[in-house]
Amino acid sequence: MSIYVDASSRVLVQGITGREGAFHTGHMVKSGTNVVAGVTPGKGGQALEGDLAGVPMFNTVRDAVKATGADVSCIFVPAKFAADAVLEAADAGIAVIVTITEGVPVHDMIRVTNSVRSRGITMIGPNCPGMITPGGAKVGIIPANICTPGPVGVVSRSGTLTYEVLHALTSRGIGQTTAVGIGGDPVQGTKFVDVLARFQADPATELIVMIGEIGGTDEEAAAAFVAANVTKPVVGFIAGQTAPPGKTMGHAGAIISGGKGTAAEKIRALQAAGIAVARHPDEIAEIVAGQLGR
Amino acid sequence: MSIYVDASSRVLVQGITGREGAFHTGHMVKSGTNVVAGVTPGKGGQALEGDLAGVPMFNTVRDAVKATGADVSCIFVPAKFAADAVLEAADAGIAVIVTITEGVPVHDMIRVTNSVRSRGITMIGPNCPGMITPGGAKVGIIPANICTPGPVGVVSRSGTLTYEVLHALTSRGIGQTTAVGIGGDPVQGTKFVDVLARFQADPATELIVMIGEIGGTDEEAAAAFVAANVTKPVVGFIAGQTAPPGKTMGHAGAIISGGKGTAAEKIRALQAAGIAVARHPDEIAEIVAGQLGR
Amino acid sequence: MDLFEYQAKRLFGAHGIPVKLGEVARTPDEARAAAERIGCPVVVKAQVLTGGRGKAGGVKLAATPDDAAEKARTILGLDIKGHTVKLVLVDPAVDIATEIYVAITLDRAARRALIMASAEGGMDIEQVAVEKPEAIVRVHIDPAVGLQPYQLRQLAFGIGLPAPHHAAFADLVTRLHNVFEAADATLAEVNPLILTTAGEMLALDGKVTVDASALYRQGALAADRYDGDLTDAERAARDAGLNYVDLDGSIGCLVNGAGLAMASMDVIKLFGGEPANFLDIGGGAQADKVEKALRIILADARVKAVLINIFGGITRGDEVARGIVAALGNIATDVPFVVRIVGTNAEAAQTILADAKLHSGATLAEAAQKAVQLAAERGAA
Amino acid sequence: MDLFEYQAKRLFGAHGIPVKLGEVARTPDEARAAAERIGCPVVVKAQVLTGGRGKAGGVKLAATPDDAAEKARTILGLDIKGHTVKLVLVDPAVDIATEIYVAITLDRAARRALIMASAEGGMDIEQVAVEKPEAIVRVHIDPAVGLQPYQLRQLAFGIGLPAPHHAAFADLVTRLHNVFEAADATLAEVNPLILTTAGEMLALDGKVTVDASALYRQGALAADRYDGDLTDAERAARDAGLNYVDLDGSIGCLVNGAGLAMASMDVIKLFGGEPANFLDIGGGAQADKVEKALRIILADARVKAVLINIFGGITRGDEVARGIVAALGNIATDVPFVVRIVGTNAEAAQTILADAKLHSGATLAEAAQKAVQLAAERGAA
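Chains as they are written, first to last, in this note's numbering: chain P, 1499 to 1792; chain B, 1499 to 1792; chain L, 1348 to 1728; chain G, 1348 to 1728.
No wet-lab data here; the hints were simulated from the structure. For glycine and all other residues, C-beta sits at the position ideal for the given N, C-alpha and C. Among these hints, one or two may not hold up.
In silico lysine-lysine, DSS-like type, Cα no more than 30 Å apart, as pairs [as the list claims (entries may be wrong)]:
| # | chain 1 | residue 1 | chain 2 | residue 2 |
| --- | --- | --- | --- | --- |
| 1 | G | Lys-1636 | G | Lys-1717 |
| 2 | B | Lys-1578 | B | Lys-1730 |
| 3 | G | Lys-1616 | P | Lys-1745 |
| 4 | G | Lys-1554 | P | Lys-1758 |
| 5 | G | Lys-1479 | P | Lys-1745 |
| 6 | L | Lys-1479 | L | Lys-1616 |
| 7 | G | Lys-1433 | P | Lys-1745 |
| 8 | B | Lys-1745 | L | Lys-1402 |
| 9 | P | Lys-1745 | G | Lys-1428 |
Heads up, incomplete: computed chain L residues facing chain P, CB under 10 Å, no partners named [what the hints assert, rightly or not]:
| # | residue |
| --- | --- |
| 10 | Val-1486 |
| 11 | His-1487 |
| 12 | Ala-1491 |
| 13 | Gly-1493 |
| 14 | Pro-1496 |
| 15 | Tyr-1497 |
| 16 | Gln-1498 |
| 17 | Arg-1500 |
| 18 | Gln-1501 |
| 19 | Ala-1503 |
| 20 | Phe-1504 |
| 21 | Gly-1505 |
| 22 | Ile-1506 |
| 23 | Ala-1510 |
| 24 | His-1512 |
| 25 | His-1513 |
Assemble the whole structure, with the sequences as input and the hints as a guide.
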């Protein structure tokens, strides 16, 4: 089952003619996602080739939505244009906006996330791998071949670490309802709590895997949310137990500053909320299998 | 009955020590309104006198709300401080903000009304007489002695014209649930449709009087709303049938520009929606009496 | 507050919008001198705060400085929709290839600024809106985030602007929005926005309306305020702090509150009379203000009767009554007054007015009917 | 990107925040000359991108130019929490009456800028937050409307600032917010903000962190970027476009993706090893980038084993394998490699690596355990 997108989602890609945009949109199409339109200003009406052949091109999202009824957008535009792209999608009536772009200025995202959230729009990212509902739709860059439909919901701040976990789950025959990468930036459109609420409400999701990392307090907020609102089992993992303070660990948001945001306090918070915390990634799938009785 | 405030409302006054603020707050207190706090920066802790004796003073709305649980604010500050005052009230958790101040720049109100409305806060005004729930609470400057409790809801863009109508209703023994002056500026926190929806939902309101004037298209929007959503009888009046185009008629929002906003088209729209339109103010109470079978 | 074309274009220029602004002339000689300095051909344009000046003969091309003087002579003094031309703008003539319309206006219903653009520039946009609504592209500006690049693309692609002009157009609209914000405008219009035959983008004509409530923070614009179109009565009323609009009828009105003042005019009309003015004395007026208001009303020789309609709230009936008594004592007039005062201190007002020779009415309708009747008796049309 | 105090205060000054900025000195002689120009007494302050310099002896008062040189001599070269002092700031000394704390920071959880102020200036604010949380006044800035006057009043009244200083404080905080916005800052702190005995308000010390993602639009600040605290390896990694952080352990790590890289370090630690670095090669790295990364890792003499953990997605296993083969061919090393490549083109990678002398692991845990064991065999602590 799906929490944000499914086989009926009509997906639009902003920045479809860029290197990353074209490559990953091709994979989205190949995995069966209903990609209905591409937007690149100045390239409206042009024909695309290869895997993207037949996807109509538009100059603006407004035009694309009008012509195709797109309701989900996947954004691959360069960082300096990302804020504008999200606002364009929101203004055109897109309900779910997934921003893959990394390196977007934080001040842009303060403005943008507050604006789109106040309008009830779902924004995932930026700097995220997007999401996949195995057998339904893939919006972003999570490899479809490591996923399979099943009962586990996965939410994560990381990319490849998530793939590792998805791969391990799938290898054990444990499928996923949806996997969502919320991104590693300090200001995100969607946080753990938002996705946890969706998984809790989703009848198909039996168990939730939550992969956090150092920096910020979102894992602590998630733990409090789980304690208060989530009745399904949750398995957690926190990356960055060995990270030194004051250094940005690849993700702009992954930094321990002023002694805050350490893995140790996050793990304590998760455990206090009754969440089983894996010691290393391989252990996640083991714990899940145990909890699901497989 | 009440649609925004009632006897349990805890009213705060911003600008309580100004000439207008002090005068009208005195009348609010005398009419039985529960005035719990006053705010004037720099005068926190000072004692007020006369009718206002015993009303505690604060430097900030945040302090006042914390100390008194105020949930309604009435704003009398000068025009250049009005936007700030509304945002301060909204930020402090006030649920209903009534702005009496006139002459507030339109650009300020574009920012402010969008902000407070997006947060689900009710803002009435600016440039309005406020509201009164006879026997409950008076927030603003509508004279309490011309009102009496009863079944008619009144909503108006005007001040004294409304008093005229309230007086005529009360003289005939027809009371009011609530009377709301939404104000005569081009950009208002609350429009006719908002108040009409409240009156429609209010079981105590049996009939609605709506007093419009030239300028803008809010009366047309109200007519469409009535046709679609209001099952209670509505009696209307539009002031400014003799107003020349291009001239501001006292209220900043009362102007016919580019041939738009005339009384004639508003009256047509109201009548097309099945609203009985009075030819002059005295006739409003006559029609109401007839419709209520008195 | 409306700005003249030359003021609007000066403001545009100050915000980096491309304009070719010539000189303002008050006389044919000034126009000739301006044309000499600018270089001919020039366009001589009436500066009036109303539309339709082209059709009224208020815009003319001049080939030489003498021709410019001659054209200025025919334009100065023209009456355009009730506005007398006292100024002309002498602008350098340009070769127009394309005319575009672009304006930022306040959308009251949406509580937002609205940008409208159309490839049908030069035309009356309201006519375009009726005849060819799809030719107008609209974008609203969300105050929480401001004007965004994608909106500029929506406009440029929407009006079918060729790609090479997109950057210049985006820059111009961004600056027009800066004008809109900085000047507290409720309208900032460029019509036409042109492309010259050389491919240059220019704001050829401009219209700006500034929010009167924001003049306190618009120093330069407020200082430049033009009130030459006000009547003497309107000017006197403004100085006295009264909301007053001159009309053509015979019944003077004095009312507290704008809505009630409009309604009072309407009732006069309903009973066959014609209001001579709109006059709102505001809330809490004192006696001297009431007297000033009556002086302004009585200075109009067409006034055959006066209707005073006061619903006391903040305004106290006794203060109004005192103002009436003072006016009657200080102004020699035989114009009849119909006075209706209800609400706060209405009884005290009756006492004060007991000895004055006044007419009255219990309701607004009754009072208005009486005023109409009195005016008719005194020969009102 | 953190700014030095002198850079932060220069930025403050450019935005109209009152500062008394002296001169930067690299040597005792420069400090003496600076003190002569500024006039004594002066304060000599270590310029390091870390806190706690006062306790570490990095801030000293000097009565004469010679004294300033002497104090600079003791401060330059100090090691403060791993940062070597290479610069001092020579500031005019001021008489402090009151110390206030004010900062604007990014509140990630609220997705908003947060202003914090406290009358407990000069202290470590995190300590105040723990010991006396009610002494910190907080206001969030709603990006839809920006900083509002009422928020400045909340701060001023909240910290009990005497009324005569409210205007100066409001002005300063407004300008600090301008700095925060204009510089794409995630932190703009004044601590202490002081009132001098003469009643003047001054930003005595400043700390600014600029969002690294926004450097493309922060021309001047980006150009001034200080990287003297980077290790050679970190600098080389940055030039190669790699996310790299130097650590103290013995096991070099090469991973694709930041989360997986952190997790790989954690697993090493879990099995008793110590990672020598964090290294994320990013998405879609080609062979040459992988080779560069291995060069950086192997240049560290402490490295006793290398763990390569690749989950192919965008990154192709065969490209990584080619990079490994190239590195092994071009760099003389006997450090053992444990290679785990899964996902996209993992089979092709196995083929390419078939002849190389490498260790492997099916799972991350297995691979990490192997690396720890190999490092231990080679004498890792």
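Now for the hints, and whether the structure bears them out:
1. In summary, the hint linking G:Lys-1636 to G:Lys-1717 is supported, as the alpha carbons are separated by about 25 Å, within the 30 Å threshold.
2. A C-alpha spacing of about 40 Å is found between B:Lys-1578 and B:Lys-1730, which places the hinted pair above 30 Å, so the restraint is violated.
3. Annotation: proposed proximity of G:Lys-1616 to P:Lys-1745 holds, straight-line Cα distance about 18 Å (limit 30 Å).
4. Between G:Lys-1554 and P:Lys-1758 the CA atoms are separated by roughly 18 Å; this keeps the pair inside 30 Å, and the hint holds.
5. For the suggested pair G:Lys-1479 and P:Lys-1745, the alpha carbons sit about 28 Å apart, so the restraint of at most 30 Å is met.
6. The straight-line distance between the Cα atoms of L:Lys-1479 and L:Lys-1616 is roughly 37 Å, outside the 30 Å bound, and the hint therefore fails.
7. Distance hint between G:Lys-1433 and P:Lys-1745 is fulfilled; the C-alpha atoms sit about 21 Å from each other, no more than 30 Å.
8. Proximity of B:Lys-1745 to L:Lys-1402 is assessed by CA-CA distance (about 23 Å); at most 30 Å being required, the pair is judged to hold.
9. Under the criterion of a C-alpha separation no larger than 30 Å, the hint pairing P:Lys-1745 with G:Lys-1428 is consistent with the structure, at around 14 Å.
10. Interface restraint check: L:Val-1486 against chain P, minimum CB-CB distance 8 Å, threshold 10 Å, status holds.
11. Interface restraint check for L:His-1487: the shortest CB-CB distance to chain P comes to about 9 Å, inside 10 Å, so the restraint holds.
12. Below 10 Å, beta-carbon pairs count as interface contacts, and L:Ala-1491 has one with chain P at about 5 Å; its hint therefore holds.
13. Annotation: L:Gly-1493 was flagged as interfacial toward chain P, and the flag holds, the nearest CB pair being 9 Å apart, inside 10 Å.
14. The interface hint given for L:Pro-1496 holds, since its Cβ lies 5 Å from the closest Cβ of chain P, which is under the 10 Å cut-off.
15. The restraint placing L:Tyr-1497 at the interface with chain P holds, with a minimum CB-CB distance near 4 Å, inside the 10 Å limit.
16. Against a cut-off of 10 Å between C-beta atoms, the interface hint on L:Gln-1498 holds, since the closest Cβ of chain P lies about 8 Å away.
17. Look at L:Arg-1500: its Cβ gets to within about 5 Å of chain P, closer than 10 Å, so that hint holds up.
18. For L:Gln-1501, the interface hint holds, the least distance from its beta-carbon to any beta-carbon of chain P being 5 Å, beneath 10 Å.
19. With a cut of 10 Å, the hint placing L:Ala-1503 at the interface with chain P holds, because the nearest CB-to-CB distance is about 9 Å.
20. For the restraint placing L:Phe-1504 at the interface with chain P, the shortest Cβ-Cβ distance is roughly 5 Å, inside the 10 Å limit, so the hint holds.
21. With its C-beta approaching chain P no nearer than about 8 Å, L:Gly-1505 sits inside the 10 Å limit, and its interface hint holds.
22. Checking L:Ile-1506 against chain P by beta carbon gives a least distance of about 12 Å; that is not within 10 Å, so the hint is violated.
23. A cut of 10 Å between beta carbons decides the hint on L:Ala-1510: the least distance to chain P is about 6 Å, and the hint holds.
24. Of the supplied interface hints, the one on L:His-1512 is violated, with its beta-carbon coming no nearer than about 13 Å to a beta-carbon of chain P, more than 10 Å.
25. The closest approach between the C-beta of L:His-1513 and any C-beta of chain P is roughly 8 Å, which is under the 10 Å cut-off, so the hint is satisfied.
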